[in-house]
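Chains A and B are the protein sequences, given in the same order. For the first sequence, the working numbering gives the first residue as 1, with consecutive numbering after it. For the second sequence, the working numbering gives the first residue as 1, with consecutive numbering after it.
Keep in mind the hints are simulated off the structure, nothing from the lab. Watch out, some of these pointers could steer you wrong.
Cross-link-like lysine to any residue pairs, in silico, SDA-like; alpha carbons within 25 angstroms at most [unchecked claim]:
hint : chain 1 : residue 1 : chain 2 : residue 2
1    : B       : 104       : A       : 364
2    : B       : 104       : A       : 355
3    : B       : 104       : A       : 116
4    : B       : 47        : A       : 90
5    : B       : 104       : A       : 195
6    : B       : 104       : A       : 131
7    : A       : 364       : A       : 290
8    : B       : 88        : A       : 320
9    : B       : 104       : A       : 192
10   : B       : 88        : A       : 127
11   : B       : 104       : A       : 273
12   : B       : 47        : A       : 126
13   : B       : 104       : A       : 319
14   : B       : 88        : A       : 191
15   : B       : 104       : A       : 327
16   : B       : 104       : A       : 186
17   : A       : 364       : A       : 432
18   : B       : 104       : A       : 96
19   : B       : 104       : A       : 88
20   : B       : 104       : A       : 275
21   : B       : 104       : A       : 90
22   : B       : 90        : A       : 321
23   : B       : 47        : A       : 184
24   : B       : 104       : A       : 376
25   : B       : 104       : A       : 432
26   : B       : 104       : A       : 180
27   : B       : 88        : B       : 61
28   : B       : 88        : A       : 276
29   : B       : 104       : A       : 282
30   : B       : 104       : A       : 286
31   : B       : 104       : A       : 234
32   : B       : 104       : A       : 178
33   : B       : 88        : A       : 192
In silico negatives: residues of chain A with every beta carbon more than 12 angstroms from chain B [unchecked claim]:
hint : residue
34   : 90
35   : 116
36   : 351
37   : 353
38   : 420
Please read all numbers here as calculations on a predicted model, not as lab measurements. The beta carbon of each residue, even a glycine, is placed where N, CA and C say it ideally should be.
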Amino acid sequence: MKAYMYSILNKQHSTLNYAMMYRLAFVAFLLIIVIQEVVAQDVKGIRIHGFLSQGYLKSTGNNDVFGNSSGSGSFDFRELGVNASYRPLPNLQFSGQLLSRSAGEDSKGGIRVDYGFVDYTAISTESMDFGIRLGRTKNPLGFYNDTRDVPFTRPSILLPQSIYFDRTRNLGLASDGAQVYGESRNSWGDLNAQFGVVFPQAGDRSTELAILQGDRSGNITPHLSYIGRLIYEYDGGRVRLAVSGAQVNTGYDAAQRDPFSGLGTFQFTPIIFSAQYNTERWSLTSEYAIRHLERHDFGAVRNLNVTGESYYFQGIYRFSPSWEGVLRYDAYYVDRDDRDGKDFARGIPAGLQNYNPSHSRFAKDITVGLRWNVTPAFMLRAEYHYINGTGWVSPLDNRAPSEIRSALGRPFLTADTDQHWNLFAFQASYRF
Amino acid sequence: MVARNCFNYCYRFVSLFLFIFSISYFATHAYANDSVEAVIHPSVELKSYSRNSLRAVFGMRLKTWPNGMPVRVFVMPDDAALHTIFTKEKLNIFPYQLRAGWDKLIFSGTGQAPFLVRTEEEMRERISSTPGAIGYLKRANIDESIHVLNIE
Numbered sequence: 001m002k003a004y005m006y007s008i009l010n011k012q013h014s015t016l017n018y019a020m021m022y023r024l025a026f027v028a029f030l031l032i033i034v035i036q037e038v039v040a041q042d043v044k045g046i047r048i049h050g051f052l053s054q055g056y057l058k059s060t061g062n063n064d065v066f067g068n069s070s071g072s073g074s075f076d077f078r079e080l081g082v083n084a085s086y087r088p089l090p091n092l093q094f095s096g097q098l099l100s101r102s103a104g105e106d107s108k109g110g111i112r113v114d115y116g117f118v119d120y121t122a123i124s125t126e127s128m129d130f131g132i133r134l135g136r137t138k139n140p141l142g143f144y145n146d147t148r149d150v151p152f153t154r155p156s157i158l159l160p161q162s163i164y165f166d167r168t169r170n171l172g173l174a175s176d177g178a179q180v181y182g183e184s185r186n187s188w189g190d191l192n193a194q195f196g197v198v199f200p201q202a203g204d205r206s207t208e209l210a211i212l213q214g215d216r217s218g219n220i221t222p223h224l225s226y227i228g229r230l231i232y233e234y235d236g237g238r239v240r241l242a243v244s245g246a247q248v249n250t251g252y253d254a255a256q257r258d259p260f261s262g263l264g265t266f267q268f269t270p271i272i273f274s275a276q277y278n279t280e281r282w283s284l285t286s287e288y289a290i291r292h293l294e295r296h297d298f299g300a301v302r303n304l305n306v307t308g309e310s311y312y313f314q315g316i317y318r319f320s321p322s323w324e325g326v327l328r329y330d331a332y333y334v335d336r337d338d339r340d341g342k343d344f345a346r347g348i349p350a351g352l353q354n355y356n357p358s359h360s361r362f363a364k365d366i367t368v369g370l371r372w373n374v375t376p377a378f379m380l381r382a383e384y385h386y387i388n389g390t391g392w393v394s395p396l397d398n399r400a401p402s403e404i405r406s407a408l409g410r411p412f413l414t415a416d417t418d419q420h421w422n423l424f425a426f427q428a429s430y431r432f
Numbered sequence: 001m002v003a004r005n006c007f008n009y010c011y012r013f014v015s016l017f018l019f020i021f022s023i024s025y026f027a028t029h030a031y032a033n034d035s036v037e038a039v040i041h042p043s044v045e046l047k048s049y050s051r052n053s054l055r056a057v058f059g060m061r062l063k064t065w066p067n068g069m070p071v072r073v074f075v076m077p078d079d080a081a082l083h084t085i086f087t088k089e090k091l092n093i094f095p096y097q098l099r100a101g102w103d104k105l106i107f108s109g110t111g112q113a114p115f116l117v118r119t120e121e122e123m124r125e126r127i128s129s130t131p132g133a134i135g136y137l138k139r140a141n142i143d144e145s146i147h148v149l150n151i152e
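Required output: the full structure, derived from the provided sequences and hints.
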């Protein structure tokens with residue numbers, strides 16, 4: 001019964017509601033722009049902001065990113081968000097954001113509550129703040145995770161996928177619970193800390209696929225998790241250093257006669273080190289992440305204990321306030337003890353090796369991009385990626401042809417992808 | 001003949017001196033009128049503030065004044081010349097850094113955006129009529145309805 005309902009929900013999500021919800025969201029967005037124009041700048045009232053973006057992606061080979069990008073190119077990449085905040089007292093704020101993201105099979109454009117919480121600043125002086133947030137808050141990870149779906153806040157159209165991977169994104173987005181925060185402002189620099197005791201978002205298909213290698217009859221459930229970040233900023237942000245980490249825990253709600261056990265647990269423990277140096281023309285950024293994954297006691301799928309590693313180096317150069325270029329080298333390894341994926345490939349049965357190649361265990365991406373702020377509210381972007389490996393490519397966007405999948409009895413078998421490939425992306429974004 | 005030459009020489013020297021003096025005087029004077037200052041509504045009751053605190057105020061992270069009054073920040077668009085001059089000369093940071101900080105607050109719900117004004121006239125009006133307000137103006141456009149906030 002439960003499995004049946006789950007498949008119904010999935011089906012509706014992917015066909016009927018998808019187009020309708022997008023249209024609804026678009027109408028709502030236009031309405032809110034009109035409202036914003038009418039109530040804009042109300043000192044005491046509700047503050048409304050939002051954004052809208054449309055992308056185009058074209059990739060070479062057989063590798064698809066955010067839709068069918070390897071064919072004639074994909075216009076499937078759209079982001080749309082509206083937020084409101086209300087501050088009845090200087091130390092009390094209510095905030096919420098609705099978001100719709102279309103990006104191939106992983107994000108089908110449904111409207112979700114991106115965040116929604118109440119923020120109370122218990123102590124506030126000239127040199128420090130301390131407070132608490134209750135509700136759904138964005139996960140404070142690295143420099144970019146808090147606003148990862150807002151095009152204007154990203155250094156490029158695609159965030160460095162090694163750390164901010166979009167193939168299994170929901171666990172990393174936001175979580176429900178309590179977060180305490182503090183800021184200390186000093187002549188030697190500012191310290192900003194956040195720590196949350198939360199439940200992650202885990203009920204989606206790509207998370208289940210990543211954890212259990214398929215769409216199972218039960219459901220992945222969130223367990224109590226921990227997340228935190230400490231940022232040090234020197235001289236108004238000329239130097240920024242951060243360390244962030246999380247321990248994300250999930251369990252499994254087994255269905256009747258489920259081969260997967262309800263005792264199964266999955267733990268994801270990323271630690272990210274971040275550094276940035278800012279001048280008038282340059283912003284140099286680097287982040288390094290080490291990720292530990294552990295999967296136990298699911299029965300039908302073997303235990304897993306693997307440590308992945310990621311890092312990137314990125315330079316942004318501002319030719320003028322409205323034009324900037326970005327250059328980045330980004331590396332991702334699923335297993336730091338098997339960087340070239342050879343050990344992994346040896347363990348794959350004959351006949352399936354094309355679908356589980358060694359190059360699916362890493363990705364090295366060289367990115368060159370250009371950003372044009374046509375106005376402060378309208379931005380155009382273009383970028384090119386040369387990529388070796390398919391480590392962060394979405395398995396849902398790259399499934400093998402259905403006749404092969406059914407012949408082999410593997411509904412989520414990944415397509416025969418190319419190791420060396422190119423990706424072009426264009427994006428137009430508007431904000432208010 | 002010699003005296004006349006000498007007079008001529010002195011005359012040229014003095015006029016050159018006067019010319020240079022007047023140019024530098026007007027340049028300084030013009031610069032003083034063109035220079036940008038942080039300005040506040042009189043209710044804020046502050047004469048001066050540290051640069052770090054002023055950065056936190058314009059960064060929308062410091063939300064109350066020492067006297068308890070809520071901070072209301074007014075800025076011009078990111079690409080306005082005065083916004084760039086103020087950010088660079090008074091806060092010693094760059095407009096893109098302010099923008100990145102604001103966007104993080106606006107789009108993660110952890111803060112609010114500053115109020116946007118289009119012209120200096122609008123800036124002066126909004127600040128003089130909003131208790132707790134802070135913004136910036138060219139010295140020439142500052143009148144007695146608002147106060148200058150000096151940086152320590």
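Hints and how they fare:
1. B:104 with A:364: violated, 28 angstroms
2. B:104 with A:355: violated, 40 angstroms
3. B:104 with A:116: holds, 15 angstroms
4. B:47 with A:90: Holds, at roughly 22 angstroms.
5. B:104 with A:195: Roughly 17 angstroms separates the two Cα atoms, so the pair holds.
6. B:104 with A:131: holds, 18 angstroms
7. A:364 with A:290: Holds: residue 364 of chain A and residue 290 of chain A sit about 16 angstroms apart, inside 25 angstroms.
8. B:88 with A:320: holds, 15 angstroms
9. B:104 with A:192: The hint holds at about 13 angstroms.
10. B:88 with A:127: holds, 22 angstroms
11. B:104 with A:273: It holds: about 19 angstroms lies between the C-alpha atoms, which stays within 25 angstroms.
12. B:47 with A:126: Distance of about 15 angstroms is within 25 angstroms: holds.
13. B:104 with A:319: This hinted pair holds, its Cα atoms lying about 24 angstroms apart.
14. B:88 with A:191: Within the cut-off at roughly 22 angstroms; holds.
15. B:104 with A:327: OK: residue 104 of chain B and residue 327 of chain A at ~23 angstroms, within 25 angstroms.
16. B:104 with A:186: holds, 21 angstroms
17. A:364 with A:432: This hinted pair is violated, its Cα atoms lying about 35 angstroms apart.
18. B:104 with A:96: holds, 14 angstroms
19. B:104 with A:88: Holds, at roughly 21 angstroms.
20. B:104 with A:275: holds, 17 angstroms
21. B:104 with A:90: Given pair residue 104 of chain B, residue 90 of chain A holds - Cα atoms ~19 angstroms apart, limit 25 angstroms.
22. B:90 with A:321: holds, 19 angstroms
23. B:47 with A:184: Holds, because 23 angstroms separates the two Cα atoms, which is no more than 25 angstroms.
24. B:104 with A:376: The hint holds at about 16 angstroms.
25. B:104 with A:432: Since the Cα atoms of residue 104 of chain B and residue 432 of chain A sit roughly 14 angstroms apart, the hinted pair holds (cutoff 25 angstroms).
26. B:104 with A:180: Measuring from Cα to Cα gives roughly 17 angstroms; hence the hint holds.
27. B:88 with B:61: Between residue 88 of chain B and residue 61 of chain B the Cα gap is close to 19 angstroms, so the pair holds against 25 angstroms.
28. B:88 with A:276: Between residue 88 of chain B and residue 276 of chain A the Cα gap is close to 19 angstroms, so the pair holds against 25 angstroms.
29. B:104 with A:282: The given pair, whose Cα atoms are some 20 angstroms apart, holds under the 25 angstroms limit.
30. B:104 with A:286: holds, 19 angstroms
31. B:104 with A:234: With Cα atoms ~18 angstroms apart, residue 104 of chain B and residue 234 of chain A stay inside 25 angstroms; holds.
32. B:104 with A:178: Measuring from Cα to Cα gives roughly 19 angstroms; hence the hint holds.
33. B:88 with A:192: holds, 23 angstroms
34. 90: violated, 4 angstroms
35. 116: violated, 8 angstroms
36. 351: Residue 351 of chain A clear of chain B: closest Cβ-Cβ about 47 angstroms, beyond 12 angstroms.
37. 353: holds, 43 angstroms
38. 420: holds, 34 angstroms
Hint compliance for this structure: hints 1, 2, 17, 34, 35 are broken, all remaining hints hold.
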